[in-house]
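K.L.:
Spelled out from the first residue to the last, the chains are:
Protein chains: 2
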Amino acid sequence: MVKTAVILAAGLGSRLGQKIKDKPKGFLVIDEMPIIEMSICKLIEAGIDKIIMGTGHLKEVYERLAVKYPQIKCVYNKQYQTTESMYTLYNLRDYISDDFILLESDLIYDKVALKILLHHSMPDVILAGELTHSSDEIFLETNKNHFLVNMSKKEEQLKNIDAELVGITKISYPTFKKMCTYAETVFDSNAKLDYERTLVGISKNVDIYVNKLKDFVWCEIDDENHLRRAIQEIYPMIKVRETVKPPIKRNILLNPGPATTTDRVKYAQVVPDICPREKEFGHVMQFVSTELTRLVADPKEYTTILLGGSGTAAIEAILSSVIDQAFILIINNGAYGRRMCQIAAVYGLNYIEYKSPIDNIIDLKALEAVIQDGYRIISHLAIVHNETTTGLLNDIESVGNLCRKHHIQLIVDAVSSFAAIPIDMRRMNISYLAASSNKNIQGMAGVSFVIAHKGKLESAKNVKPRNFYLHLYSQYKYFLETHQMRFTPPVQTLYALKQAIIETKQEGIKERYERYSRAWEVLMKGIARLGLTHLVNKYHHSKIITAIIEPHSMNYDFNEMHDYFYSKGVTIYPGKLEEMNTFRVANIGDITYKDIEYFVELLEQYLKGIGYIK
Amino acid sequence: MVKTAVILAAGLGSRLGQKIKDKPKGFLVIDEMPIIEMSICKLIEAGIDKIIMGTGHLKEVYERLAVKYPQIKCVYNKQYQTTESMYTLYNLRDYISDDFILLESDLIYDKVALKILLHHSMPDVILAGELTHSSDEIFLETNKNHFLVNMSKKEEQLKNIDAELVGITKISYPTFKKMCTYAETVFDSNAKLDYERTLVGISKNVDIYVNKLKDFVWCEIDDENHLRRAIQEIYPMIKVRETVKPPIKRNILLNPGPATTTDRVKYAQVVPDICPREKEFGHVMQFVSTELTRLVADPKEYTTILLGGSGTAAIEAILSSVIDQAFILIINNGAYGRRMCQIAAVYGLNYIEYKSPIDNIIDLKALEAVIQDGYRIISHLAIVHNETTTGLLNDIESVGNLCRKHHIQLIVDAVSSFAAIPIDMRRMNISYLAASSNKNIQGMAGVSFVIAHKGKLESAKNVKPRNFYLHLYSQYKYFLETHQMRFTPPVQTLYALKQAIIETKQEGIKERYERYSRAWEVLMKGIARLGLTHLVNKYHHSKIITAIIEPHSMNYDFNEMHDYFYSKGVTIYPGKLEEMNTFRVANIGDITYKDIEYFVELLEQYLKGIGYIK
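So the protein lines, in turn, are chains A and B.
With the numbering used here applied, the first sequence corresponds to residues -8 to 605, in that order.
With the numbering used here applied, the second sequence corresponds to residues -8 to 605, in that order.
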């Protein structure tokens, strides 16, 4: 395979005037990168490991680039002002010892061009495109076997024009030597020989194949019209074609988050390195913060505080930061309610644990009675929205109304409902809500956040801090003042979260919940058909995660079933209840009801295999 | 551009015997993916949005695949047992309405093939490769214009053999119709017509170009020999060629972390979705944990506890989890020493702040005097290794010896030294060390970790927990027992960290520090030449981060200078000292001394611009 490229970069680019000033043409910047650097990246990606640049005008700028890319060797053409491209190429003869790809420095092109030349079975190949009518093009004339006969900027000098020179050519070493010999005979009378004329000159003795491509996107940039066309039309097309990322093996995650994500979200993590204290990154976090708020509240009244950590970190940030001396009433009807009690206990908060059945609705009257008992001042009430242990959906709106009546601030653990089940913080009277980046928002794990009522948050300022990293008010204030996180945030996870938010908004939360619900209905019908039951009835069910009662069978084994599913690309989740043997299926993430049909089909096979059904 | 693909997938694959059992040939699995699914991913990536599969034998397996990829439409050839590939293709005639790429189902190939066909200027193109001598190949005979004349498995039936059929062909719609017409005339006498014979049949009337590729990698899998060759030779070559990832714009980060990373580390974040409670992910964390330990200690005696959070989270995890009632002595000679005092204060620990000059070594005698004052029992001493504020390197080995003498456990904040400056925890008598994923280890931000002496950690079990998320012993114990993190970890950041560790081990810590030091020497010479000075002298300098005294000039403005550097792809960092105006340069990450030369060159230009130097 060809491993060498030669770039002709000695030209003056005088027709571009003020657009480039003290830079050679190759340093025209499109989308934050000089076009020559784009070309170099494409060459390296295609397997080229030696890039020889023939320089002249402003050679030091290219030499700078050679520091960044050790593959580059610059060779200066001292006579660049009085010679043309063939002399620059001839000047490299001591450095060229093999076949090579020859490129002009002022090109932008779809990188597929390089692969096509590298895999071409013929040794000398000129890449040609369809006619562009862009002015200043070089037309190609070929014989019926597609070998070069002539080329010229003047149409009238040629017969049978149907292709245009791109400026990327594969040249074998023997042909290069013939070019040099030819040039030596011409230089005496004409130093301004170009490489195109030289190819025509030797074409009587050498077969140079003209490979015309269909639908190929490229342009040369010689003047301001070309530049405008490059920026407005050509570069965007190249970008679309090249940024197709290889699809990533798709797994169907039916665990309760991290969930199945789109490939776009996965690739959003791959960004140039950035210091998270830069303004540019501040804008990313500001976007994330504002748009997360907007999903459940008005950003004028509410704000999102980002944290590096899991959903539990966000819950702990609230509980440890906003409760003062008064009591917090915590509703425990599953593992995540219990966890809030554990956090309250570890910080020595005054808390009341209110136990409620794990599989049924909260008795609001009994709850109100506790609030009204009169012995204790209750300032806050904490509740889980969708209890991940069971799929029980707590009626936070009714609890919110109760809190309004008794002047209690409501804290909601929405980790497994946020971005799926519609929430309106103002209407539901929620002061603080916690969630994370890796569940229904369909991003990557590593970021959690608290959405808070600004007024309530301000009044929590005076609560004595109980920790450092998770102190909510400090984190809020610091971001407000600096647009930075207090501590180094998970940079790439935030880029992925930004993409996930964009996709959430495109789909719509209501629509996402409908998609999840449809998948859940398929799950319900499926397990019923297979003779299985689940814990929470549909009237109080989140339709997001379901605790399915394990089949009564001697042959049943959760781990075996799990491994069976896993081998088929499906991940299921164990139960978390002491009271009952269950396993769990979460129908969240970038999945559809069809994936649940697949799950049911596999479950049927497994249950048949163990003899539970026939 | 062609948007349709047709896959012929009705065959029996009978020569593969037990290798596939109840699956069609396309479902042979290589590297965890069925070969047909690889092919489908490549088609989608190349811009194909409609894939028509002609099925027969075990059609339901393909129909299953069509659920996963909505681009697929399966069409069943009921007579698959008595017909051949042309009948399967003919059977699709109602679904084909445009030009298409025709593929066999049992191929593995370099995806470049698809782009080459899509960009080919001719409408009907057979892809051909060099002769493989793999047995069972189909040879091609062409005329001098490379158009198809004949093809056969029998060499003796052809003249001028120099290419082999790959099994990927571009067919225009008019040509497809001619194939159908031709087939209709043959089917009556021969239902077992294949598509190759049909192409030869129409080639007298249609020009079908045979495009022979050089260095093209592919194979068909018809029997067990083919399969062995596919797994051992062909697939690995395809994988190497295809996994070249587009280079990412390189920024030179001279802030004190997150640092410049390799593209390999960036791409390591892109993995199939996985539940972090899976065994497979447990192995990733186990690798990360053990190998991080190994960089500074023997994993038999020491262990690494992973956390989702920044370096500060790891420091807080230690301070809040291991100190009981006795005192901790904290050395404060910079912002990070001060931060440890703040953390101790917020938790109400008994702590002594020992202030030491920010730009000079610690007076060990004075320190020992504090330890020996007799009023307080000191159980722990905390120190920053490399103080990021100034670049002062504290002599932790001497402090460790002092701790040994007085039976004090040493806690080291190694956030900005770990993986650059060699550390030996046992020799230096360090009980706990904190660091993070995004500095000298050259990974992504989001993970921090504590490396602890196991015995000391076990004895911290009885300290009353002061928080939940950052409780060190719980995090340790849970991972030990389950190979899971207690709370959802930053999954993708851990994959990147794994890659970063591999690269750290490849380079070696000593060698990495030499690379950093060489860059630092260039920095020192450079700023001296430009008339600037820095804070800490070289004998106590970490050679990792340098606080440079700001130039005395009316025209100097840090933000302007920062923006100047930023526009050139270089990020510098502000100072953090109250005592003195400084800015900071950290020579860490995937950079070399050449990048620092570039930095010095830019600095010179900036200083000239403001008239500080001439």
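Quick caveat, the hints were computed from the structure, so don't treat them as lab data.
This one's a predicted model, so the numbers in the text were calculated from it and none came from an experiment.
Careful, some of the hints might be misleading.
Pairs count within a copy or across copies, as identical chains cannot be separated in the list.
[Said to hold, decoys possible] Using 20 Å as the maximum straight-line C-alpha spacing, the simulated PhoX-like pairs for lysine-lysine come out as follows: (1) 50 with 559; (2) 559 with 14; (3) 102 with 205; (4) 230 with 445; (5) 455 with 64; (6) 585 with 516; (7) 240 with 59; (8) 195 with 135; (9) 605 with 452; (10) 452 with 69; (11) 452 with 12; (12) 346 with 41.
K.L.:
Tell me, please, which holds for residue 605 and residue 452 at an alpha-carbon limit of 20 Å: within, between, both or neither?
P.N.:
neither (63 Å within a copy, 52 Å between copies)
K.L.:
Is it within, between, both or neither when you check residue 455 against residue 64 at 20 Å Cα-Cα?
P.N.:
neither (62 Å within a copy, 63 Å between copies)
K.L.:
Reference check for the pair residue 346 and residue 41, CA-CA at most 20 Å: within, between, both, or neither?
P.N.:
Intra 70 Å, inter 55 Å, cutoff 20 Å: neither.
K.L.:
Classify it for me, residue 102 with residue 205: is the Cα-Cα distance of at most 20 Å met within a copy, between copies, both or neither?
P.N.:
both (14 Å within a copy, 18 Å between copies)
K.L.:
Using 20 Å as the alpha-carbon threshold, which applies to residue 195 and residue 135: within, between, both, or neither?
P.N.:
Both: 15 Å inside a copy, 19 Å across copies.
K.L.:
Indicate which option fits the pair residue 240, residue 59 if close means a Cα-Cα distance not exceeding 20 Å: within, between, both or neither.
P.N.:
between (34 Å within a copy, 11 Å between copies)
K.L.:
With identical chains treated as interchangeable, where does the CA-CA distance between residue 559 and residue 14 reach 20 Å or less: within a copy, between copies, both, or neither?
P.N.:
between (56 Å within a copy, 14 Å between copies)
K.L.:
Is it within, between, both or neither when you check residue 452 against residue 12 at 20 Å Cα-Cα?
P.N.:
neither (54 Å within a copy, 67 Å between copies)
K.L.:
At most 20 Å between CA atoms: does that hold for residue 585 and residue 516 within a copy, between copies, both, or neither?
P.N.:
Within one copy only: 13 Å inside, 65 Å across.
K.L.:
When no copy is named, should residue 230 and residue 445 be tagged within, between, both, or neither for a Cα gap of at most 20 Å?
P.N.:
neither (42 Å within a copy, 52 Å between copies)
K.L.:
Please sort residue 452 with residue 69 into within, between, both or neither, judging by C-alpha distance up to 20 Å.
P.N.:
Neither: 69 Å inside a chain and 74 Å across chains, both beyond 20 Å.
K.L.:
For residue 50 vs residue 559, is the C-alpha pair at or below 20 Å within one copy, between two copies, both, or neither?
P.N.:
Answer is between; shortest inter-copy Cα gap is 18 Å, intra-copy 58 Å.
Checked against the numbered hints given earlier, this structure breaks hints 4, 5, 9, 10, 11, 12; the rest are met.
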